[in-house]
Every structure is written in C-alpha cells, then in structure tokens.
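Position chain B against the provided structure of chain A, taking the given hints into account.
There are 2 protein chains.
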Amino acid sequence: MNGKNIVASAYTAANEKKLKAVNPATGLQLDGDFFKASKSTVHDALTSATIAFQNYKGLNKALKAAFLNAIADEIANIGEELVNRASAESGLPLGRLQGELGRTTGQLRLFANLVAEGSWVGATIDMALPERQPLPKPDIRRMLIPIGPVVVFGASNFPLAFSVAGGDTASALASGCPVVVKAHPAHYGTSALVGGAIIKAVEKTGMPKGVFSLLYDDGYSIGTCLVQHPLTKAVTFTGSFRGGMALINLAQQREQPIPVFAEMGSINPVVFLPQAMENQAEELAKKYAASITLGAGQFCTNPGLMLAVQSPALEKFKSVLKEVIFTFPSATMLTEGIANNYSKLSTEVIHKYGIALLSASSVKNYELLNQSQAMVAQVSANDFINNPKLSEEIFGPYSLLVVAKNMSELEAATTALEGQLTITLMAEKDELKDYQSLLNKLMDKTGRLILNGVPTGVEVCAAMQHGGPFPATNDSRFTSVGSAAIYRFVRPLAYQDWDRELLPDELKDGNPLGIFRTVNQKLTNEHE
Amino acid sequence: MNGKNIVASAYTAANEKKLKAVNPATGLQLDGDFFKASKSTVHDALTSATIAFQNYKGLNKALKAAFLNAIADEIANIGEELVNRASAESGLPLGRLQGELGRTTGQLRLFANLVAEGSWVGATIDMALPERQPLPKPDIRRMLIPIGPVVVFGASNFPLAFSVAGGDTASALASGCPVVVKAHPAHYGTSALVGGAIIKAVEKTGMPKGVFSLLYDDGYSIGTCLVQHPLTKAVTFTGSFRGGMALINLAQQREQPIPVFAEMGSINPVVFLPQAMENQAEELAKKYAASITLGAGQFCTNPGLMLAVQSPALEKFKSVLKEVIFTFPSATMLTEGIANNYSKLSTEVIHKYGIALLSASSVKNYELLNQSQAMVAQVSANDFINNPKLSEEIFGPYSLLVVAKNMSELEAATTALEGQLTITLMAEKDELKDYQSLLNKLMDKTGRLILNGVPTGVEVCAAMQHGGPFPATNDSRFTSVGSAAIYRFVRPLAYQDWDRELLPDELKDGNPLGIFRTVNQKLTNEHE
Numbered sequence: 001m002n003g004k005n006i007v008a009s010a011y012t013a014a015n016e017k018k019l020k021a022v023n024p025a026t027g028l029q030l031d032g033d034f035f036k037a038s039k040s041t042v043h044d045a046l047t048s049a050t051i052a053f054q055n056y057k058g059l060n061k062a063l064k065a066a067f068l069n070a071i072a073d074e075i076a077n078i079g080e081e082l083v084n085r086a087s088a089e090s091g092l093p094l095g096r097l098q099g100e101l102g103r104t105t106g107q108l109r110l111f112a113n114l115v116a117e118g119s120w121v122g123a124t125i126d127m128a129l130p131e132r133q134p135l136p137k138p139d140i141r142r143m144l145i146p147i148g149p150v151v152v153f154g155a156s157n158f159p160l161a162f163s164v165a166g167g168d169t170a171s172a173l174a175s176g177c178p179v180v181v182k183a184h185p186a187h188y189g190t191s192a193l194v195g196g197a198i199i200k201a202v203e204k205t206g207m208p209k210g211v212f213s214l215l216y217d218d219g220y221s222i223g224t225c226l227v228q229h230p231l232t233k234a235v236t237f238t239g240s241f242r243g244g245m246a247l248i249n250l251a252q253q254r255e256q257p258i259p260v261f262a263e264m265g266s267i268n269p270v271v272f273l274p275q276a277m278e279n280q281a282e283e284l285a286k287k288y289a290a291s292i293t294l295g296a297g298q299f300c301t302n303p304g305l306m307l308a309v310q311s312p313a314l315e316k317f318k319s320v321l322k323e324v325i326f327t328f329p330s331a332t333m334l335t336e337g338i339a340n341n342y343s344k345l346s347t348e349v350i351h352k353y354g355i356a357l358l359s360a361s362s363v364k365n366y367e368l369l370n371q372s373q374a375m376v377a378q379v380s381a382n383d384f385i386n387n388p389k390l391s392e393e394i395f396g397p398y399s400l401l402v403v404a405k406n407m408s409e410l411e412a413a414t415t416a417l418e419g420q421l422t423i424t425l426m427a428e429k430d431e432l433k434d435y436q437s438l439l440n441k442l443m444d445k446t447g448r449l450i451l452n453g454v455p456t457g458v459e460v461c462a463a464m465q466h467g468g469p470f471p472a473t474n475d476s477r478f479t480s481v482g483s484a485a486i487y488r489f490v491r492p493l494a495y496q497d498w499d500r501e502l503l504p505d506e507l508k509d510g511n512p513l514g515i516f517r518t519v520n521q522k523l524t525n526e527h528e
Numbered sequence: 001m002n003g004k005n006i007v008a009s010a011y012t013a014a015n016e017k018k019l020k021a022v023n024p025a026t027g028l029q030l031d032g033d034f035f036k037a038s039k040s041t042v043h044d045a046l047t048s049a050t051i052a053f054q055n056y057k058g059l060n061k062a063l064k065a066a067f068l069n070a071i072a073d074e075i076a077n078i079g080e081e082l083v084n085r086a087s088a089e090s091g092l093p094l095g096r097l098q099g100e101l102g103r104t105t106g107q108l109r110l111f112a113n114l115v116a117e118g119s120w121v122g123a124t125i126d127m128a129l130p131e132r133q134p135l136p137k138p139d140i141r142r143m144l145i146p147i148g149p150v151v152v153f154g155a156s157n158f159p160l161a162f163s164v165a166g167g168d169t170a171s172a173l174a175s176g177c178p179v180v181v182k183a184h185p186a187h188y189g190t191s192a193l194v195g196g197a198i199i200k201a202v203e204k205t206g207m208p209k210g211v212f213s214l215l216y217d218d219g220y221s222i223g224t225c226l227v228q229h230p231l232t233k234a235v236t237f238t239g240s241f242r243g244g245m246a247l248i249n250l251a252q253q254r255e256q257p258i259p260v261f262a263e264m265g266s267i268n269p270v271v272f273l274p275q276a277m278e279n280q281a282e283e284l285a286k287k288y289a290a291s292i293t294l295g296a297g298q299f300c301t302n303p304g305l306m307l308a309v310q311s312p313a314l315e316k317f318k319s320v321l322k323e324v325i326f327t328f329p330s331a332t333m334l335t336e337g338i339a340n341n342y343s344k345l346s347t348e349v350i351h352k353y354g355i356a357l358l359s360a361s362s363v364k365n366y367e368l369l370n371q372s373q374a375m376v377a378q379v380s381a382n383d384f385i386n387n388p389k390l391s392e393e394i395f396g397p398y399s400l401l402v403v404a405k406n407m408s409e410l411e412a413a414t415t416a417l418e419g420q421l422t423i424t425l426m427a428e429k430d431e432l433k434d435y436q437s438l439l440n441k442l443m444d445k446t447g448r449l450i451l452n453g454v455p456t457g458v459e460v461c462a463a464m465q466h467g468g469p470f471p472a473t474n475d476s477r478f479t480s481v482g483s484a485a486i487y488r489f490v491r492p493l494a495y496q497d498w499d500r501e502l503l504p505d506e507l508k509d510g511n512p513l514g515i516f517r518t519v520n521q522k523l524t525n526e527h528e
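Taken in sequence, the protein lines are chains A and B. To convert, note that position 271 of the first sequence is 271 in our numbering; the numbers rise steadily by one, no gaps. To convert, note that position 295 of the second sequence is 295 in our numbering; the numbers rise steadily by one, no gaps.
Just chain A, with the same shape it has in the complex (with noise of 0.2 Å):
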C-alpha cells in the first residue's frame, strides 16, 4: 500500500509529516505510512486539475464512461483486501462493507451509463427564424457544461460510497470535472487502495492524469487551502453540521464565491399515526428498533426523532422497543471522537433537559473500545416544541419519542422542525387521507417523504433526492445519492448562431448522438 500523496495521478517524492491509521476497536496502529500533505501539494493538484480540464472536459463521452467503468473494474478487482481494511479502519462489519463495495462501483457504472446514454446534458436548441418581424430570431443552442476542479472530502461513515471514488467523485468525473480528493483521516488505507485503483484506471483509459488528486491530512489546513484555492470551483462534503458550515463560511469569504454542496445531517422524523400504531404497534417498534441500531446509527439518514399520540397502542410500542434496545449489543463507532462524542450528547440530552430514558443498551463488549451504546428517550410535545435542542441530531444508534396528547399537538411538534433530509409517515392506507394539511406542510421540510419504510437505506437511482432545507444541506436544489448528482458540477452555455460544424456533437444538427433534446419547444430524440 502506498501512502504518498497522488498529484495528478503519480505518487509525491516530497512528504512531510507522518500519519497512522488507527483500528477504533482496538486503538491499535494499523500498517502504512500515510503523508501529510502540503500547501504546495494542494497547489499542484489544483493547478494540474485545471490543465487536465482543457482536455478532459470536452472529452468524447465514450471514453469518459470507459474511464468510470475502468475506475469500478480496478476496485473490484483489489477486492478482499479492501473490504479487510476498510473494516479494520471503521469498525464496520465486513458484511455491511461489502454491500457498500457493490454500492460504490454500482454508482460509477450507474454514471458511466447516463454519460455513455448523453441526454443528460440537457440540449436545447431554438432555430433560427430569419424573417421574424420586427426582428429576426437568431439561432440558440444551450447544453449543459462542467465547471472545472471539484474538491472532494471523503465521509467517515462510507469508507467506500462517500470517499475517494465514491458518489462525489464519480458525479464530478461523470460530469467533465478534475477531482482532488481530501482523504478522510478515518480511513487512510482504503483511500490509499482506491486511490491505487483510479491511478490505474486513468493510465489504462488514458486520461489526462491532472483529472485526479489524493491528498492526506489529520488536521484542517488542507481542507482549508483546498477550498481557498482560487482554481477550485466547487467542494462537496458530507459530515456534521459544524464542519459543513466552517466550509461554507470560507467560501464564502474566496474573493470568486464557489458551491459548496454540504450534507450536514438530519434527525429524520418519523410520524406514526394513530390507526398505524393501533394496529401495528409491536412490528413498529421492532422495525424501528433495527433502523435507530443499524451501522451503530452512523447513518444521516439515521431516524433521530419519532412522533407519535398516547394510546395504549403506544405503550405496548414503548414496550417492546425498551425491550429490543435493552439487549441490543453495542457496537464499534468510527472514530474514538465520534464515539467520545456521542457518549456525552446522548448522556447531556438526558440530564441536562430532564427527558425521560426509556431504554438503553444493557450489552456492552467490554474487549473493544469505543463502543456505541444504544439509546431511546422520552419527551412530551410540549417540551419538545420548547426546547430547539431538541432537535439537532445525536449522531449515532439514539433516538427520541415525542409523546403528544392528540394530532394537533403532534401536527404543532412538526412546526417546530428544521429542514431535514427525510421525513416518513406509519399510516394504514385509510387514515393518510385525513391528514392531507400535515402532509402539505411536512413536504416543505424535507428532500423525501417515505411512506411505511424507514429513512435508512438511500436508494441510488435516478429519482432518489438526498438533500432537503437547511441545516440538512445547505443547498437543497441538489442531491448527493443518485444520477441527478452530475447537475452540481455543471452550468448551461449558449451558443449564438454559432458554427455548425464548431459546435459540440449534442447540439450538431441531425443529432449525431441520437440523444433526448429539446427542439424547438418540442423533446424528440430524432436522428439521422
């Protein structure tokens, strides 16, 4: 495993400051170096990606797909080892952590099949009308266009599907945009082997070599120059409110603003109507028990926050829940700080708001550190809508029961909400119908509404929307899970009766690409 910094797809003589991965199970080192990277390596990369950008952007779209898929080939074919070390430097479970290797080169093939297909580009094309009076109507061509240099911050909780080739990546690369990945400091080795395997991939393929960049730190600087750099045009991250808007705020301050498309979590609130929790209320509690629980809660989509009206129902609900989180094991969380820092929120939130513990987890593995412990607490609307602390995520297996004495009061606790990635509604098929203003209200908080399921589990499609009103993203016009991703690395340009030959394949007469375009006010994919 090589731990040297990638600039431009070739490994960095120079490196500075040595790093280590840790296991979180047993704090122990594991193998590899890793380098520290350097404000003049981020300088490179950057400089290297905006070179490469010349070339790779108007790239034909056959070889840009090819590159993708070679990217998942060159990961799937480092298999074992990857998932081994991805497991020993996050505390996932190998399972969990094959699914999500599938997952991950599943997206780049997903990517490399919507640009292979070329429609997505958007071309729209108004003809010219030359006897047009009082004026003549020129001919307009628009197609969508990439920006340039893309930085990218790996996420701790997807070692592989949110890291270096992850869906930030394969988006910005599906687009026509370098990348220059900032590697999670949770996860050094498996960045270093997918790195490894883009490097491949761009000499088998051969790319320009700028279109990628790794860089390692354990700290902030890099992340800070690299999103200072005046030749980036645009950063994704996913991870905690605070270090998503500490991003913002510096691009914010860059004299050329850039995007920064944040996910900063969200605590998912989950509505159980009455007939639902009537008739339902044992599977419920089990079905959610496992969706608080699953991957130690280290998921945004994770559903912090449950809303329900007393009832009996509801008691026998609370019940088993208790029950099931009561011998739920713990389990290995990413990072000592994640872990350190869940213990006290979950902790803080019961002593210092005086809410009620309804049940914690009574199994701990005493031989592994950093363990989660699993957390459900009580609070009445009333308090809830009183106490906006209430409301900001605890990231990890906890969640909270808002207990309101009627519908009304329930449909009050909503008001009270901040913009989230998910919301969903428990209901039988009868009773959705009489809460039609609720549901009215609900869709303005949130990039998805699920329907009897749980948050947890993102579908990566073309209809998926991961991204909802602020503070859970900060930019709820896009999605970072799905084929729609590709739209925050690009911007229409126009041509004005431009030259026919001169203009790009998508926007040539006769549609060359055979390609879904917009002509004269009318979609057709027509071609000769």
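The calculated DMTMM-like cross-link candidates involving lysine to aspartate or glutamate, where the alpha carbons are at most 20 Å apart (straight line), are:
1. A:Lys389 to B:Glu255
2. B:Lys17 to B:Asp31
3. B:Lys522 to A:Glu117
4. B:Lys433 to A:Asp505
5. A:Lys429 to B:Asp509
6. A:Lys522 to B:Glu117
7. B:Lys441 to A:Glu501
8. B:Lys287 to A:Asp497
9. B:Lys429 to A:Asp509
10. B:Lys445 to A:Glu255
11. A:Lys429 to B:Asp497
12. B:Lys433 to A:Asp499
13. B:Lys508 to A:Asp430
14. B:Lys433 to A:Asp497
15. A:Lys389 to A:Glu348
16. A:Lys18 to A:Asp33
17. B:Lys429 to A:Asp499
18. B:Lys429 to A:Asp497
19. B:Lys433 to A:Glu501
20. A:Lys429 to B:Asp505
21. A:Lys508 to B:Asp430
22. B:Lys405 to B:Glu278
23. B:Lys445 to A:Asp497
24. A:Lys429 to A:Glu283
25. B:Lys441 to A:Asp499
26. B:Lys287 to A:Asp139
Here are the simulated distance ranges between beta carbons:
27. A:Leu502 to B:Asp499: 47 to 55 Å
28. A:Gly219 to B:Asp218: 49 to 57 Å
29. A:Leu502 to B:Ile350: 36 to 44 Å
30. B:Glu16 to A:Leu345: 45 to 53 Å
31. B:Ile350 to A:Glu16: 50 to 58 Å
32. A:Gly219 to B:Ser408: 42 to 50 Å
33. A:Gln228 to B:Asn113: 39 to 47 Å
34. B:Asn113 to A:Asn77: 51 to 59 Å
35. A:Ala416 to B:Ser40: 19 to 27 Å
36. B:Leu357 to A:Asp218: 54 to 62 Å
37. B:Ser40 to A:Gly99: 55 to 63 Å
38. A:Arg500 to B:Asn113: 26 to 34 Å
39. B:Leu63 to A:Gly219: 52 to 60 Å
These aren't lab readings, by the way, just hints derived from the structure by calculation. What you are looking at is a predicted structure, and each value in this text was computed from that prediction instead of being measured. In this text, a Cβ means the ideal position worked out from N, Cα and C, and glycines have one as well.
Frame of chain A, contents of chain B only:
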C-alpha cells in the same frame, strides 16, 4: 393611478412618507403619489405570501397558466398609458418601450405555456423491485416543487420586462412561488400600473391573494428588510455589482441561508479575428457603433470591450467607428444617478489611466437633462493586461478597444477577463477553426458565445442562457432570461413507496397529465 403599497393583492391603508416620480429628461416631478413601505408592510407581505403558498404551490397547472395569461392580458389592456408613463419615467423612447411591452406579455405567455404543458417539473420514476437481492428496491418518484415566497427587485433598465411583472415575477409565479416585488425608484408609476393589472388578474382567476405584493421605497431599508425576513425563500436582482454583492452578503448573514440570483453586469467582450476585420472593417464599425449606443448603452449585454489585432483594416474600422460615434446624438439616461456615474467613470478612465480617447459624441441635446455622451477609447493589450480597472463595467454607451500586436497577445489579453454574460467572436468561416484553443478557454468565461452578431438583444426562448461566471452573475448555473429561469425557484422532492392516489398527478401511474417523464431510466410521455 394608485400609488399605495400592495399587500396580498390589496392596496394598504397605512402609508408613511410620500414619494414622487421624476422625469429624468426634464427633472420635473410626474403626477401620482407613492408611499414608502414600512417594516410592518414587509412582514405583512411575506406572511400573506407564506399563507398563500400553501394553496398556490399545488394548484392545478391549467389554473396557474390562466393566471399568467390573465396578467399578460391586463397589462396589454393598459396599453398606451403604460408605455407613455414608462417613457416619461425612464427617458427611453416610446418605440423601445412598445417592444418591451410585447416582450413582457410574451414572457408571461411563454411561462403560461410551459406550465400548462407540464413536463418542466422533471418527473422521474424508479419503480419498485420487491424481489431484488440482497434487498428489495423501493418505489421512488421525484419532481420539482416550488420553494416559497420570492422577493423580486425591479430593475431600472427594463421598466417593464425586468420589473413588476417581468421575467423574474413571471418565472417565480410559474414555478408556484408567491412574489413580493420591491419597485425600482426610477419608475414608481409604471410599477403601480402593472401592480394594478396583477391585482385584476388575481381577482379574475381567483388566485390566493397573498401571491402578489408590491412595495415602494426610495432607499435601501425596505430592500434590506425583504432579504433579511425569515419567510423569504429566494431573491432576484438585476443591477450593479455593488448592489448585487450587498444583497448576497445580507443573505449569507441570515440564520437560514437563501439563494440570491444577482445579475451584476458584464463588459461583454467582442473578439475581432483578423480575416473578418480585413474583409468587413467598415460594416463591423457601423454594426458595433449601433450596438454600443443602443438604449444609451444601458444594457447588461452592452459591448464594453472590443479586442483586435493591429492592421491597416483596423485603422479603417477605427476611422468609421470614430465618425459614427462623433455624430451620434446624446440620449437621456435612466436616472440622474446613472447619468452622473457614467459621466464620472467615462471621464475618469481617460484621465486617470492614460488610455487614449478615440471618439466622443459631439451632438448634445442641451434642452434635456441627464444626457449621455457616447464614447470609445483605445488601449494596448499590454496596458489592458496590467490594469484590472480597465475590465470594470462603465454602464452606458462606452466601449474600450484593446489593440494587440498579434493573435497571441490578443489571446493573452483574454486570459485577463473575468466572467461574462456574453463573449462574441467576429470571424470569417474559415479562420474560426484556427483558434480552437482560444475558443476552448473562452467558453469557461461566459454564459453565451455569439458568432458574428452583437451581444445586445437577448432572445427570450428555451435555449437562452443569461447568466455567466462571477462576477457577471453570482450563480452561473441559472438564467434570468428564457423559460429555464423557472428552475431558480424549485427543488426536488422524492416520494418513497407513497400512496398511489395521494401522489401528485405528475407522478401518478398511467401519466394522467401526459407529460414527459423519466420512467425506469427511459424518457417517455406515454400515458393511459
């Protein structure tokens, strides 16, 4: 004419300081009293907009289209009174304003058609695969939904097409967002007339009253309140760099950040390639003299910079340009402030930075006030590169000719350019091919590339892009002209496993609206 503030489609009773409209050509007050809004007017407008949003956002698309068409009808009904008032307030000629009136109603009808057709919401459906291994795939359906109340700042230079019922208002209402307009102080009466037309349209089509409000102010306090108000969800602005940045900074300081769409001007560079200059010197000079002076140069797409290589043909171009500019009559500018600023900056650039005056208009109408004097100046490519001040916009009939020794010096001069709304190439068909690397670089600096035309005249159509890299606009991913302007006010919402009957029509099985949708990755408008 009723000059009271309009809140929720009704004239307000409480009125503070009286404001008067002024004719910039005479300095005389025009008839009509207008009233400065207050902080509480702002709050009332945004509260009623927020309430109206709950009904308006999901309104049947035919009703929304009828509303937009009714606004167009009511504006057309005012007819001559409107054009006369706009001319008296802006100093713009009647002919130009008649054209602008047509553009304004045309824009409203364009958005009515877009909404009535319905495919713009980008409906995307990925159906469930309950048997998928290892996990079943849920049913996910996504479409664009409106974000809430939009604050529109009227622009001075388009008293009809970018003011009370201009492109921003039309696109926001089309998207499903209520609008609160801040009237531009340069045309209170025009604003009041159009505001009255919108009230009638709201009544005729039975819209929720809160969808429209119109507030007056002669300073910055109401604009500031509007941007800071927590219920405001987006802001549109067309004007100066300083004004746009002030609004952007206010928005960034909000607890909940919101998008600002600021079009902040541009110098719209025109590159004359050598062969074109050789063959068409005289024709080009006439064409560009007309574009520079059109509307007293008060267009965001005014060609403020021309770049050419020294040659005998260029000398001919200059001599014709000089003559036309010299004999070009003065014209009334929009406001005293704009006229004073133009006079100050166009004089300063000659005296302070030592650039050569090529020609200035000698025909001044001494009977009228606020007259602009057309002006062209010249600088070497080298001096241009070394003085960033020369790249700043001078709003009015001014253009700077940059003379390079050869094409490589010209190309170097273009690297000094900031982001632009438009870049124009004047070229013979054969020579364009020789400058692919120049074109490749220029495309990253602009939202629209024009061949052998002039940048003035922005066609309102689906393919138009009016928005370029910073500082031309603050967000080059969006356009303020053309039907794509609607995408500024929406965000995606995904429904997961949602009740089939409660889904919006756009996402229902069988495609009852017959719109284009992406179903299981295939674009289709098939319906039952």
